[in-house]
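Chains E and V supply the protein sequences, listed in that same order.
Take the first sequence: its letters are residues 1 to 496, numbered as in this note's numbering.
Take the second sequence: its letters are residues 497 to 957, numbered as in this note's numbering.
Source of the hints: derived by calculation from the structure; they are not laboratory data.
Among these hints, one or two may not hold up.
Simulated pairs of lysine-lysine, DSS-like, Cα-Cα distance not exceeding 30 angstroms [what the hints assert, rightly or not]:
(1) K864(V) with K383(E)
(2) K864(V) with K438(E)
(3) K383(E) with K438(E)
(4) K286(E) with K380(E)
Far from chain V, some chain E residues (derived; all Cβ distances over 10 angstroms) [claimed, not checked]:
(5) L79
(6) W104
(7) E139
(8) P145
(9) T190
(10) V191
(11) G318
(12) E337
(13) G405
(14) L443
(15) W467
C-beta atoms are modelled at their ideal positions from N, C-alpha and C, and glycine is treated no differently.
Residues per chain, in single letters:
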Amino acid sequence: MNMLEALLVAQAHRDGRAQRSSAFRHRHFVEAPMVIVPWHLGAEPFTFAAIAYGSHPETFTLVVPGEPRDRQLLFPLALKLARWFNERFEAPWELRNTLTRGTWSFELAPTAPQVWVPNEGAVTVLGKLGRRLAYLPTEERPGGPPAADPDLVRFGRHLMFLARNASRAGQQLVLAATTVAAANWATEQTVGERANLAALDAWIEPPTGVHGFDAACAVEELSAGPLPPPSIERDVADLVEAFNEARRRGDRQAEESVHAEVRAIYTALSETAWQLTWRVMERERKWPEEPRFVAPRWASDIEEYSSHMAWMNGPAGGRRRTRQTVPQAIRLRASAESERAAVEAQEAISDPLHLIPLLLDHRAVEGTLVEYDATHREVKRGKRNASRVPVVTLLTNQPCLIPVGKELWWTEYPDRVRVVVERVERDESSLETRVVLKVMEHLDDADHMRLAPQPLCFTQFSTRVPWRTRVSDTIPWSHQPPGGEYDPADVEEVVQ
Amino acid sequence: MTIADFYDQRVAQEAEHLTQLVISDLVSGAPNLAGGHFAAVVSSPAGAGKSYLVTSIAGNARDFTGGEGATIAVAAPTNDQAFGLVASIAERFPNRPVAFVPAQNRSLPVATSARPNVISIPSQAAATYPVVVGTLDKFGDAAGRGNLPHFRYLCIDEAYQADAAKYYGVGALADRHLLVGDPGQLEPFTTDDPGRWRGLPEDPTQTAVQVLLRNHPTTQNHRMPITRRLNAEAIGVVESFYPGHAFSSWTLPGVRRTRLVPGVASGEGARVDAALDLVAAHGWAWVRLPDTPVLTADPATVEAIVGLLRRLGDRAPEVASERTDGMFEPLGPSRVAVVVSHNNQKDILRAGLDGAGFDEIRVDTANKLQGLEFDIVIAWHPLAGLPEGDTFHLDPGRLCVMLTRHRHGCIVVGRASDPFLVDDLPPASDVWLGHDPDPILDGWFTHSMVFDKLAPFAVDF
């Protein structure tokens with residue numbers, strides 16, 4: 001826990017409500033998102049016991065198969081959801097434009113759909129449901145399962161894309177209400193307690209006159225899915241048994257009666273999750289969107305969506321491999337790590353509330369420029385000839401414990417202007433600190449410091465994409481069993 | 497004093513025998529894997545003398561081929577480790593060239609590059625040198641570009657710190673591999689979701705050793721039976737980090753001694769003296785500050801550590817060991833270190849120590865101090881004052897590094913409430929088919945064991 005978090009948690013305790021920990025909203029919100037609240041049975045992750053869906057805060061549609069393990073019951077309801085989802089998810093693609101860059105042309109949607117769910121667990125459930133649906137045969141085969149409706153398969157592939165994309169740092173195509181809320185509010189709760197959307201929301205907006213702790217206690221048994229609370233889950237299990245028994249007996253009336261009971265349970269559960277999800281969304285929407293990095297990331301999300309849609313409408317029909325080769329996994333991990341580091345840096349340097357703990361932890365320094373020696377020259381380590389190394393002198397009234405030699409980045413050019421701490425001089429009489437920095441890269445950009453608004457800020461965070469080691473496609477003997485690894489055909493390459 | 501007075505001869509002979517066996521197997525043994533390949537792993541406890549082993553291998557490999565070019569590539573995960581390997585090999589074999597392939601914008605420390613037998617080369621020139629050292633990343637990138645020759649041998653130091661992705665880049669460099677490392681130390685980590693590939697053969701975050709043994713389970717995994725750094729008194733605590741791996745100290749009990757002038761302080765000062773007396777007598781002290789939730793960079797802990805060091809200096813510490821032929825010599829501040837978990841702890845402590853005039857005492861995170869040794873170490877316990885344990889702080893590798901840097905004594909500084917964090921049933925943690933390690937569960941039990949073993953050395957502040 002950093003110093004600001006400690007302060008905010010103490011204030012939350014004192015005031016009886018959560019304290020804002022971000023000055024901005026670091027995610028783009030679309031005007032009309034799709035909201036999905038899935039529920040599943042504990043032992044059956046690749047299906048759903050119920051799903052609530054819709055695009056309006058007041059109403060949702062609920063599908064409840066009764067027996068989630070019976071595809072005859074499940075798929076017709078899933079198809080209903082699929083058609084609703086596909087229509088909205090694919091709508092931006094219908095408005096796509098063709099862009100040309102040199103000799104390369106590509107199609108780009110003007111915007112992208114956005115899906116909201118209550119929590120990250122819901123993303124996992126949707127991803128697994130997608131995995132089940134995405135490879136269903138759409139044509140009858142002798143001895144095979146019944147053909148699935150193409151819309152259902154298409155839905156599955158969209159869900160798989162969304163779930164896979166959800167692991168990209170900073171993506172905004174699917175947002176989990178719990179994650180969005182937790183990122184922006186400090187509460188007097190443990191990590192586990194904050195994972196409960198109802199309890200977290202109660203801390204953020206407790207009823208008038210009620211302390212957040214008491215408000216959270218009152219609602220902590222409420223679940224936003226994907227599993228119901230254990231007591232309700234037991235009731236559901238008993239009802240599903242009764243439902244199946246009624247079907248076995250052919251007792252249509254009993255079947256409908258039990259189904260109505262199951263539906264009533266999931267309706268009540270979904271209403272809570274629905275309201276909480278929309279409450280978070282509408283509350284966060286009132287905060288200004290972070291102006292510097294969110295829009296470019298949304299543009300990147302649109303590209304990802306467009307790429308997915310192009311793939312869906314290409315010869316592979318959206319089929320993707322489910323496993324990677326060794327070199328693919330290595331490349332994906334490298335890109336995921338660099339993307340995560342960039343987003344962490346973006347969120348750290350673009351928000352004044354996020355900067356405070358960095359300054360207090362001496363992972364950043366902020367000060368007024370008192371001298372900029374643009375003509376200083378010296379021989380850098382490993383070089384023979386002297387080159388220009390501008391020297392920056394900052395004055396701050398805060399102590400600075402950043403060690404000499406530490407690499408920092410100017411927040412105005414966090415991917416370009418790298419400086420190194422040369423000296424830190426504290427004047428105990430004036431309580432002022434002079435921090436001397438040397439500019440190591442992109443000197444022309446650094447020269448803008450002289451005219452930049454003061455104070456200047458330098459942090460340990462950079463948005464630069466790091467250099468990546470070249471990865472060969474030939475798997476070395478150490479990384480495959482004798483005889484060679486089974487390498488499942490790469491659908492993308494084979495079809496193209 | 498004779499060698500027999502200092503060393504456990506049986507352990508030393510076992511270690512030497514294993515070293516010779518490993519060298520001869522790698523250099524001239526028959527292939528032990530399909531396809532004419534050879535691979536072996538040497539798992540060493542902290543301070544087993546891995547550098548000695550790696551330099552011996554480099555020298556023997558060179559001699560075996562008569563110094564032909566591209567005999568052996570010696571690689572390590574980090575630049576500092578590669579620098580250390582160059583220095584060790586060059587010092588051990590002063591008349592033979594050691595080539596180093598630097599990464600971009602990196603260069604050897606001046607003291608190393610100034611050696612007449614050290615040369616920094618571009619990767620394209622590696623074919624002319626028998627012993628070539630570099631980082632795994634540099635070798636991997638150069639190999640990916642076709643800029644490295646095929647070597648006869650590949651030796652990876654700190655292989656438990658290298659992940660499968662780094663190893664991938666150099667896997668095809670040679671047909672005979674030797675991976676040397678310490679399984680107790682910090683494993684490679686990822687900032688991405690570690691569960692994405694867990695248990696799958698393509699997992700790039702598994703260690704180099706794991707991926708080799710997974711694909712070639714018949715690879716021999718030798719276990720070094722010795723620690724040269726740690727004293728005999730340290731073994732009881734440190735063996736918690738190496739389940740199933742028996743090892744002993746190179747030195748006999750009582751060989752490593754610490755002497756302080758008697759402490760006559762009262763009150764808080766008496767407790768500080770008691771901690772110092774414990775570490776001098778037994779090699780361990782566990783300072784428990786009052787139970788209270790604290791910030792990561794807790795000023796009270798800084799104050800306690802500075803106080804311990806100040807008092808240590810006041811009591812004119814001396815150490816005697818096999819290195820001093822049993823004679824007491826003053827303990828200099830450069831032989832003392834403080835190891836922490838976080839950079840902000842390091843920064844605030846650095847400022848505190850500098851303010852107290854202890855600028856020669858090294859302060860750094862566990863990650864940075866891996867591979868280094870000191871006579872006396874103060875370890876800021878990773879769980880100190882936490883409200884709950886998490887994967888990072890429970891990682892047994894971090895605690896292992898902290899508690900295995902010393903030759904004479906280690907003072908652990910934490911909060912009285914720390915043991916209660918691991919006193920109950922461990923939390924549920926994610927598990928994956930085909931992946932045994934569980935940092936939370938392993939860390940939970942290791943921490944609990946270590947607290948129990950430190951209990952006799954506890955001093956409440």
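Structure-based check of each hint:
Annotation: proposed proximity of K864(V) to K383(E) holds, straight-line Cα distance about 27 angstroms (limit 30 angstroms). Distance restraint check for K864(V) and K438(E): the Cα-Cα separation of roughly 25 angstroms lies within the 30 angstroms cut-off, and the hinted pair is therefore satisfied. Straight-line distance between C-alpha atoms of K383(E) and K438(E) comes to about 16 angstroms, which keeps the hinted pair within the 30 angstroms bound. In summary, the hint linking K286(E) to K380(E) is not supported, as the alpha carbons are separated by about 50 angstroms, beyond the 30 angstroms threshold.
With a closest Cβ-Cβ approach of about 31 angstroms to chain V, L79(E) is found to remain outside the 10 angstroms limit, as its non-interface label requires. For W104(E), the non-interface assignment is confirmed: its Cβ lies about 26 angstroms from the closest Cβ of chain V, beyond the 10 angstroms cut-off. Every beta carbon of chain V lies more than 10 angstroms from that of E139(E), the smallest distance being close to 31 angstroms; the non-interface claim holds. Listed as a non-interface residue, P145(E) keeps its Cβ farther than 10 angstroms from every Cβ of chain V; the least gap is roughly 26 angstroms.
Distance check on T190(E): its Cβ comes as close as 6 angstroms (rounded) to a Cβ of chain V, failing to clear the 10 angstroms threshold; non-interface status is violated. Not every beta carbon of chain V lies more than 10 angstroms from that of V191(E), the smallest distance being close to 7 angstroms; the non-interface claim is violated. The claim that G318(E) is not at the interface with chain V holds, since no C-beta of that chain comes within 10 angstroms of its own (minimum 21 angstroms). Against chain V, the non-interface label of E337(E) is violated: not every CB pair exceeds 10 angstroms, the least being about 5 angstroms.
Listed as outside the interface, G405(E) is consistent with that label: its C-beta sits roughly 12 angstroms from the nearest C-beta of chain V, beyond the 10 angstroms cut-off. Against the 10 angstroms criterion, L443(E) stays outside the reach of chain V, whose nearest CB is about 16 angstroms from its own CB. With 10 angstroms as the threshold on Cβ separation, the claim that W467(E) sits away from chain V is violated: the shortest Cβ distance comes to roughly 7 angstroms.
The structure fails to meet hints 4, 9, 10, 12, 15 from the earlier list, while all remaining hints are met.
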